[in-house]
Amino acid sequence: NAGVTQTPKFQVLKTGQSMTLQCAQDMNHEYMSWYRQDPGMGLRLIHYSVGAGITDQGEVPNGYNVSRSTTEDFPLRLLSAAPSQTSVYFCASRPRTNPYRTEAFFGQGTRLTVV
Amino acid sequence: DAKTTQPPSMDCAEGRAANLPCNHSTISGNEYVYWYRQIHSQGPQYIIHGLKNNETNEMASLIITEDRKSSTLILPHATLRDTAVYYCIAAFAGGTSYGKLTFGQGTILTVHP
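Residue numbers (the numbering used here), protein chains in the order written: chain A, 1 to 115; chain B, 116 to 228.
Worth double-checking, as some hints may not be accurate.
Mimicking SDA-like on lysine to any residue, the simulated pairs with C-alpha atoms at most 25 angstroms apart in a straight line are [to be verified]:
1. LYS9(A) <-> PHE218(B)
2. LYS118(B) <-> GLN37(A)
3. LYS118(B) <-> ASN62(A)
4. LYS9(A) <-> LYS118(B)
5. LYS118(B) <-> ARG44(A)
No lab work stands behind these hints, which were simulated from the structure alone.
Start from the sequences, fold in the hints, and give me the full structure.
Right, here's the structure in full:
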């Protein structure tokens with residue numbers, strides 16, 4: 001009964017370092033997405049995927065890369081971390097079928113600090 | 116996706132009904148209204164959604180006006196654990212936009228003892 005699992009929960013990076021935030025879901029959902037949430041703000045969409053091998057940009061994609069090689073995993077890569085990327089990152093998944101059950105499931109977040 | 120407007124904050128006494136309004140005057144015919152909440156910076160949690168009919172589940176009720184330009188989320192008997200940020204979102208449930216949710220600032224609901 002894992003749902004959406006994000007790792008790590010906390011991370012501190014130095015400016016210029018790269019890293020990958022992991023997201024895995026065990027519900028066989030086709031749709032997955034990454035959001036960031038800055039203090040006092042709502043969530044903003046970074047990248048999303050409608051299935052394995054298919055990704056697209058959201059509202060704030062600069063500085064991030066994604067790939068979707070399997071249905072289960074949707075990693076988010078920070079190419080060269082900047083202090084402006086200090087944020088809480090949420091991964092979400094959602095089933096494609098059945099429009100009457102279109103809720104999204106969110107992970108518990110990764111709190112990233114770039115110094 | 117249609118833009119939604121919510122009051123920034125609301126208060127409610129424990130045990131009373133909390134009625135959270137949302138304006139979505141530019142909503143299109145195939146956009147659903149979704150409600151999520153976020154407690155203590157945890158991941159958002161789905162509450163309820165609807166298209167044009169009123170909906171009820173174990174958590175809440177959703178009342179959508181006949182012209183679909185506004186809606187109200189009702190928590191019938193608010194508890195302290197309902198203190199959270201509540202987000203109202205208008206979004207398509209299909210096509211290539213499916214899976215994308217546009218979050219605004221939401222309404223901070225504070226439930227008082």
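Status of the hints after comparison with the structure:
no., hint, in the structure
1, LYS9(A) <-> PHE218(B), "holds, 22 angstroms"
2, LYS118(B) <-> GLN37(A), "holds, 19 angstroms"
3, LYS118(B) <-> ASN62(A), "holds, 23 angstroms"
4, LYS9(A) <-> LYS118(B), "violated, 31 angstroms"
5, LYS118(B) <-> ARG44(A), "holds, 14 angstroms"
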